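Asker: Sequence:
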Amino acid sequence: MLINLVNNLSQLLPNILEVTGDISSGLAYLGAGLAVLTGFGTGIGQGIAAGRAAEAVGRQPEAQSKIQMTMIIGQGIAESSAIYGFIIAFILLSR
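In this text, residue positions in the sequence shown follow this note's numbering: the first is 11, and each later residue adds one.
Hints are computed from structural coordinates only; laboratory data are not their basis. As the structure is a computational prediction, the values presented were derived from the model and not from experiment. There may be inaccurate statements among the hints.
Stated by the list, open to error - FRET-style restraints, in silico, Cβ to Cβ:
id, residue 1, residue 2, range
1, A59, Y39, 27 to 37 angstroms
2, G68, Y39, 37 to 47 angstroms
3, Q74, I33, 30 to 40 angstroms
4, G57, E28, 31 to 41 angstroms
5, S75, G43, 36 to 46 angstroms
6, F100, G57, 16 to 26 angstroms
7, N18, G49, 14 to 24 angstroms
Glycine included, C-beta positions come from ideal geometry on N, C-alpha and C.
All chains should be built: construct the whole structure from the sequences, respecting the hints.
Answerer: What follows is the structure, given as structure tokens:
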């Protein structure tokens, strides 16, 4: 899968040069797009965690506050990767 991704990206390089005229700005746009993709993994992970927390509260309602606090901390940690991806994309696009 990774080899296919690299293969496809290498085929895009001539098109990037044609559109941007400069390889560094073209690769910056490409890198920004890849950095934004971190949001997909974050969203999937947060959805799974929230679903499991809801299941856990359904099984043990008396532990709801503890489960909820643990889930909120986990959601914050998971969200940081999406924020880092957004910051990297913003830095790459502002060059």
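Asker: Evaluate each hint against the coordinates.
Answerer: Each hint tested on the structure:
Hint check: A59 to Y39, Cβ distance near 32 angstroms, so the stated range 27 to 37 angstroms holds. Separation of G68 from Y39 is about 45 angstroms and conforms to the stated range, judged on CB atoms against 37 to 47 angstroms. Under the hint 30 to 40 angstroms, the C-beta atoms of Q74 and I33, about 54 angstroms apart, miss the expected range. Separation of G57 from E28 is about 39 angstroms and conforms to the stated range, judged on CB atoms against 31 to 41 angstroms.
Taking 36 to 46 angstroms as the suggested C-beta distance range, the pair S75 and G43 conforms, at roughly 41 angstroms. A hinted range of 16 to 26 angstroms for the beta carbons of F100 and G57 is consistent with their spacing of about 25 angstroms. Distance hint check for N18 and G49: the Cβ-Cβ separation is about 20 angstroms, which falls inside the suggested range of 14 to 24 angstroms.
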